[in-house]
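This is what each chain is made of:
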Amino acid sequence: MNNQATQCEAFELAALRRTRSALDPAEESRLEAHLRACAPCREFAATLEATSVAMSSHARSATAALDWERVRTGFVARRRAERNQRLRGLGAILLLVGIIGWSLGPAAGATFAALALALIGVGYWRLVRPQLRRAQAVATLNTDMLAFYRADLDQEIRGLKGARQLVVVLALLFALNAIFMLGHVVREQLLGHDFPNVRSYVATFITFALVGGAMWLRGRAVLPRLERERAELGQ
Amino acid sequence: MTSDSGAYETELLLRVRSEATRAAAFDELFIALRKQVFGVCLHITGNTADADDALQETFMAVSAGLPRFRGDSRLSTWVHRIAICAAIRVVSRRRDAADVHDVDPPSRGGDPVLASELAAQIARAMDQLSADHRVVLSLFAVDELSHAQIAEILGIPEGTVWSRLHCARKRLSAVLGSAAP
Chain A
1 MNNQATQCEA FELAALRRTR SALDPAEESR LEAHLRACAP CREFAATLEA TSVAMSSHAR
61 SATAALDWER VRTGFVARRR AERNQRLRGL GAILLLVGII GWSLGPAAGA TFAALALALI
121 GVGYWRLVRP QLRRAQAVAT LNTDMLAFYR ADLDQEIRGL KGARQLVVVL ALLFALNAIF
181 MLGHVVREQL LGHDFPNVRS YVATFITFAL VGGAMWLRGR AVLPRLERER AELGQ
Chain B
1 MTSDSGAYET ELLLRVRSEA TRAAAFDELF IALRKQVFGV CLHITGNTAD ADDALQETFM
61 AVSAGLPRFR GDSRLSTWVH RIAICAAIRV VSRRRDAADV HDVDPPSRGG DPVLASELAA
121 QIARAMDQLS ADHRVVLSLF AVDELSHAQI AEILGIPEGT VWSRLHCARK RLSAVLGSAA
181 P
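As they're listed, the protein sequences go chains A and B.
Under our numbering, think of the first position of the first sequence as 1, with each following residue one higher.
Under our numbering, think of the first position of the second sequence as 1, with each following residue one higher.
Derived from the structure by calculation, the hints contain no laboratory data.
Glycine is no exception: its CB is placed at the ideal position from the N, C-alpha and C atoms.
Some hints could be false.
[Claimed, not checked] Computed Cβ-Cβ distance ranges for the label pairs, DEER-style:
id: 1; chain 1: B; residue 1: Gly71; chain 2: A; residue 2: Thr143; range: 29 to 39 Å
id: 2; chain 1: A; residue 1: Phe180; chain 2: B; residue 2: Pro67; range: 35 to 45 Å
id: 3; chain 1: B; residue 1: Ala23; chain 2: A; residue 2: Arg36; range: 38 to 48 Å
id: 4; chain 1: B; residue 1: Cys167; chain 2: A; residue 2: Ala175; range: 25 to 35 Å
id: 5; chain 1: A; residue 1: Gly91; chain 2: B; residue 2: Glu28; range: 32 to 42 Å
id: 6; chain 1: A; residue 1: Gly91; chain 2: B; residue 2: Gly177; range: 54 to 64 Å
id: 7; chain 1: A; residue 1: Glu69; chain 2: B; residue 2: Leu14; range: 45 to 55 Å
id: 8; chain 1: B; residue 1: Arg22; chain 2: A; residue 2: Glu69; range: 18 to 28 Å
id: 9; chain 1: A; residue 1: Arg133; chain 2: B; residue 2: Gly71; range: 16 to 26 Å
id: 10; chain 1: A; residue 1: Gly213; chain 2: B; residue 2: Lys170; range: 48 to 58 Å
id: 11; chain 1: A; residue 1: Arg133; chain 2: B; residue 2: Ala23; range: 19 to 29 Å
With these hints in hand, go ahead and build the complete structure from the sequences.
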């Protein structure tokens with residue numbers, strides 16, 4: 001029984017290879033002889049033929065109905081929109097840098113600007129450009145591309161989750177710091193001292209709130225989609 | 001583009017590398033591969049709207065990645081790999097949609113009504129297969145792709161392609177069988 005199953009499996013493989021003209025004449029005649037004698041293999045070959053024809057025919061008709069000019073202008077417009085989105089991001093960064101620089105003076109402004117640029121740059125690279133990064137990675141691939149795709153998505157999901165955890169930790173630290181700062185302000189007022197200079201603290205908090213908030217919200221929007229994409233790929 | 005078009009692809013790659021000829025080379029690449037890529041996307045996504053979306057995403061990524069494409073793989077191999085990723089991404093994005101299969105009646109071959117019905121059944125059955133199976137079946141459904149090219153696209157040996165296709169075919173038959181009235 002097992003021998004028969006193994007033999008049939010070999011002929012099923014041969015039937016598949018025949019669809020791509022990958023059989024030599026001897027294999028072809030062995031397959032023909034087997035198909036004449038074996039009903040399950042005949043059924044497999046018939047289903048194979050019918051489904052192949054249906055799929056090809058469906059693809060041909062759908063392709064014939066497609067408006068290529070619309071497709072062409074569609075992706076040109078999408079690329080333009082992506083570029084505009086990048087320009088808007090750059091504008092937001094420059095605005096942020098300007099606010100920080102104005103409130104803190106040149107040295108501190110430059111430090112915060114560098115930090116903001118680095119954080120937003122990394123966040124942007126991780127969240128907006130992974131498709132291009134993956135497109136570049138698959139160009140040099142010499143292993144199973146779907147296995148690579150799974151591993152790459154896992155890494156992306158881990159990175160996003162890690163970034164969100166970092167934002168939570170930093171938010172907790174900021175909250176603690178805010179409590180201490182508030183305590184300090186109240187104590188100074190009770191002692192009748194001048195109102196302490198909290199401008200740099202407020203500027204740091206605004207930077208964190210903007211960058212961290214953007215990273216958190218982006219992660220919240222992107223993570224479910226990435227997880228669905230990962231589930232789609234299976235194990 | 002067929003399996004014997006290696007020389008043409010090399011020549012196209014040279015033009016892609018030059019900024020002066022890149023745009024024209026991209027247009028040529030789009031015209032040469034659009035049908036195959038759309039076919040792969042159509043079978044993976046199961047409907048023309050999603051396939052259209054995946055096709056656009058594919059050529060957006062190709063257009064953005066071309067300046068840095070160094071020719072480590074064949075251009076067509078690279079484009080098909082991007083298309084597979086794009087199609088899977090599009091499916092995952094629209095997974096919540098109730099029924100996304102809008103199989104159009106085929107214009108050629110056999111009884112159009114029966115063929116259309118079967119195509120719709122196949123699209124629904126494909127939806128229940130694993131990504132590995134769906135992808136290999138989709139690539140084999142594109143007539144112009146040879147099994148060697150499919151192995152190259154998937155980055156696996158030819159023997160593995162055949163065995164994966166065999167498993168996918170058996171699974172597809174089983175799902176189609178269980179769905180039959």
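Beta-carbon spacing of Gly91 (chain A) to Glu28 (chain B) - inside the hinted bounds 32 to 42 Å or not
holds, 36 Å
Please check whether Ala23 (chain B) and Arg36 (chain A) have a Cβ separation lying inside 38 to 48 Å.
violated, 57 Å
The hint says 45 to 55 Å between Glu69 (chain A) and Leu14 (chain B); measuring C-beta to C-beta, is that right?
violated, 27 Å
Do the beta carbons of Gly91 (chain A) and Gly177 (chain B) sit within 54 to 64 Å of each other?
holds, 58 Å
Distance restraint hint 16 to 26 Å, applied to the beta-carbon atoms of Arg133 (chain A) and Gly71 (chain B)
Check passed, 18 Å falls within 16 to 26 Å.
For the hint 48 to 58 Å, verify it against the beta carbon of Gly213 (chain A) and that of Lys170 (chain B).
The hint (48 to 58 Å, Cβ to Cβ) holds, given that Gly213 (chain A) and Lys170 (chain B) are roughly 51 Å apart.
Taking 19 to 29 Å as the hint, is the beta-carbon distance of Arg133 (chain A) and Ala23 (chain B) inside that range?
holds, 23 Å
Is the distance from the Cβ of Arg22 (chain B) to the Cβ of Glu69 (chain A) consistent with 18 to 28 Å?
Because 21 Å falls inside the window, the suggested range holds.
Starting from the hint 35 to 45 Å, judge whether the C-beta atoms of Phe180 (chain A) and Pro67 (chain B) obey it.
violated, 51 Å
Just tell me: holds or violated, for the beta carbon distance of Cys167 (chain B) and Ala175 (chain A) against 25 to 35 Å?
Roughly 54 Å apart at Cβ, these two residues miss the hinted range, so it is violated.
Outcome of range test on Cβ distance (Gly71 (chain B), Thr143 (chain A); 29 to 39 Å):
For Gly71 (chain B) and Thr143 (chain A) the Cβ distance comes to about 19 Å; the hint is violated.
Hints 1, 2, 3, 4, 7 from the list above are not met by this structure, while the remaining hints are.
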